[in-house]
Amino acid sequence: MKSLARVLRGLRLPAGSDRILGLNRRNLSYVYAQNRLRDLPIADDKLKTKELVGAHGVPVPTTYRVYRHFFELGAVERDLAPYDEFVIKPSNGRYGSGILVLTERREDGWMDITGTVHRPADLRRHILDIVFGTYTNELQSAALVEERVPQQADMARMSPLGLADVRIIFYREQPTLAMLRVPTRRSRGKANLHQGGIGVGVDVATGRTVRALWRGQPVEVHPDTGFPLIGFLIPDWEEVVRVGTVTARSVPLKYIGADIALSVHGPVLLEINARPGLEIQNVNEVPLRSLLRELGGRR
Amino acid sequence: MGFYRGLVALLFLLPVGIMGYKVISLGYPASEFIPAVRYSVSLTMEVDGDGEAVALSIAVPSSDVRQFVGEHHYSSGSFVVDVSSEGENRVATWKADTLWGRQSVGMTFVAEPSRRRYSIPEGLRVLAKQPSFLQPYLVASEGIQVEDPLVEAALRQIFPSGEAGVPQVLRAIHEFVRTRIETVAQPESLDAVTTLKLGQASSTGKTRLFTALARSAHLPARPARGLVLREGARQQFRDWAEVYVGGHWIPFDPVEGWFAELPSNYLKLASGDAALFRYSDGANFQYAYHVTRELTPKRELLEALRSARLNALNLSGALERMHIPMDLIQLLLLFPLGALFITVFRNVVGIHTFGTFLPVLIAAACEQTGLLWGTFGFLTIISGSGLVRHGLDRLGLLHSPKMSIVFTAVIALMMAMMVFGVRWGIFELARMTLFPVAILTVTTERFALIQSEQGFWEAAKTLIGTLVVVVACYGVLTSAFLRSLFVAFPELLLMVVALDLCLGKWVGVRLMELFRFRRLIWQGQEP
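Residue numbers (our numbering), protein chains in the order written: chain A, 1 to 299; chain B, 1 to 527.
Since the hints were derived computationally from the structure, they do not count as laboratory data. Please read all numbers here as calculations on a predicted model, not as lab measurements. Honestly, I wouldn't trust all of these hints.
Computed spacing ranges between beta-carbons, pair by pair [as the list claims (entries may be wrong)]: (1) Tyr64/A - Ala460/B: 36 to 44 angstroms; (2) Leu295/A - Thr408/B: 47 to 55 angstroms; (3) Leu295/A - Ala460/B: 35 to 43 angstroms; (4) Phe357/B - Gly74/A: 36 to 44 angstroms; (5) Gly396/B - Gly115/A: 44 to 52 angstroms; (6) Thr408/B - Ala205/A: 30 to 38 angstroms; (7) Pro228/A - Arg5/B: 49 to 57 angstroms; (8) Ala15/A - His390/B: 53 to 61 angstroms; (9) Ser25/B - Arg293/A: 48 to 56 angstroms; (10) Arg293/A - Gly396/B: 49 to 57 angstroms; (11) Phe71/A - Arg5/B: 50 to 58 angstroms; (12) Leu28/A - Lys461/B: 19 to 27 angstroms; (13) Lys461/B - Gln34/A: 50 to 58 angstroms; (14) Leu47/A - Phe3/B: 34 to 42 angstroms.
Ideal placement from N, C-alpha and C gives every residue a C-beta, glycine not left out.
Turn these sequences into a full structure, and let the hints steer you where they fit.
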């Protein structure tokens, strides 16, 4: 038993790997050990998140509509008529799947961020797909129609192809690592790194960007616009961190990733993630485990 | 933590204790875990019918001291099949009163011949008088001339002195037929005398000459006919002689030179050298053998377990009576081990797979088809149904109906492969029935989901990872040694659970993460 444990421990080489946070440890020592299982849906369900953190004064995008059932879809066209731009998203999608950003009203419908025009019937079907769980691998989900966050001017220059957001990892309400996620043409308006977004490492203390990674390779400028990615000061950084910290305090989860966008009115919380990805370590070139240990994390 | 450690220790030690008790006190045969080679033989036969009665028959091999033959299955089509004994042999006969068109019937069985060497005492004398039941094997029979002057002369030439022991006589005859008669491939069966005259013959002629010479020397002898088993569709028939010495029919192969022994791939089909196949005139008869070689737990072990106390086989013996095959039970017992392997690949190596258990199910299905055709079938189904799913995306269907269509596509693809498998003679492909269709449908959907969420490359990586783990699981599930072990000691499952518990608390960095975070790990500087 002991020797077996030693053999298994021997698999943990080399020495430098001690400082990085792997999936096994993230799941067992942080996601499951530090959170109660019944609290995890708070992060998985965007509606619940908004409700909870909104009550603590955290700014969130205004919810226009929520669809949960098939029968509610009869009046989609009438429901959406008042809005020129809005976002449709599943309340519990992953990797940004199922998110549709409508930016402009057209004669026969709305145009999305990639330039495709969606007729009301198309939107209705998209919402129906969400409700039936197509994007969430579950039997049922809810579709959220919410305000499209108008991007702050400096951020819009840095990220003209879609809404950028700041992902901050909070452990015990302390910000540990942060990165800015910038959409590209390849990611089609989405900020997720998997989809082709740029990960830009951010110094938590100052809010200044330090390095950037795109599709696994270091980059210095935005691949589509040539805008310099490094040395950029994220506007209103103290307020971004404050919004994140209030969020972290208002949810009963000890280890979260908070996604915060910069709107013209200030930072807005988009969502929180109970199992934030580990790529943030590569983006910042900072191993997370040693940081977490300093904050009193498990071994 | 104390409870966890105790539980793991208990789950490790308990099986060790039970196994020790079984081996030491209950006498479980620890030496019989080395697997045996087994051949599964399938024979398909085709005949034409034009409205007349058609009959065909074939000698069916049976078990004897040298070979085990079992699990006979007959497919009868529009025939009536009947197995009866004919002299020393068993014969299966397919009969139809009126037959139209081309029809195919078949037979499958498994065979486990063993290499068995007989020793003939040096001082053993030829008996002047043999018991009456051996008389037919001492006199002339068709193709085997005994009182022929040429045969007599040949015997005198190869063995001048009349007085000699049995082994000396047999060695001389064996040597003569092996070296003096050239082995040639020829379709016609020469008799003993013609073989002697020509100095060349096929194994039939050589065997007849051997038999005639042995009988002339007052040794009871008979020809035997069988197959030299090898994997695949090309099978070789072979005749050899059997001589009755000391209460046994001892084999002699004058073609390959086997003396008083045969190698373990010789399968005896019938005694005598009558035609193996008989069929009605004008039936345009054709046949094809197909043989696969596999490792299997020793039958001696399974037999020993059946009578041993405290074993799961008493239960599985009961299941066998209900025609639940032993193979399936062995497979089920190894599933948890396969799942453990998957866990190791996922959590220690860091390979992504579709689902936690899909690889073990695919590996189990590959047990029927072989790894090559199994993975081919798996990839064909995933890519084919993936294309269908992609096409459906344009139609904009709701989720459940779309999944139903993909499900149908999976089944259609499977059927198509089975049909083509039969048509092109790839029988492995025809045995795809065990493929977990529902799970394959979900896998197709998962592939599409990963592709849309994380890109095609990520989905392809997951597919490749799945295949790697399928290969590993296949190795586990088809290991005859592991099968023997788990059938004898199902308590090993507790040990598997113990290992699962260890993995469940293992928070080390995965091997693939070492690669992913290589810059961070080897850069060696903390900011």
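Which constraints among the numbered hints does this structure fail? Numbers only, ascending. 5, 6, 8 and 13
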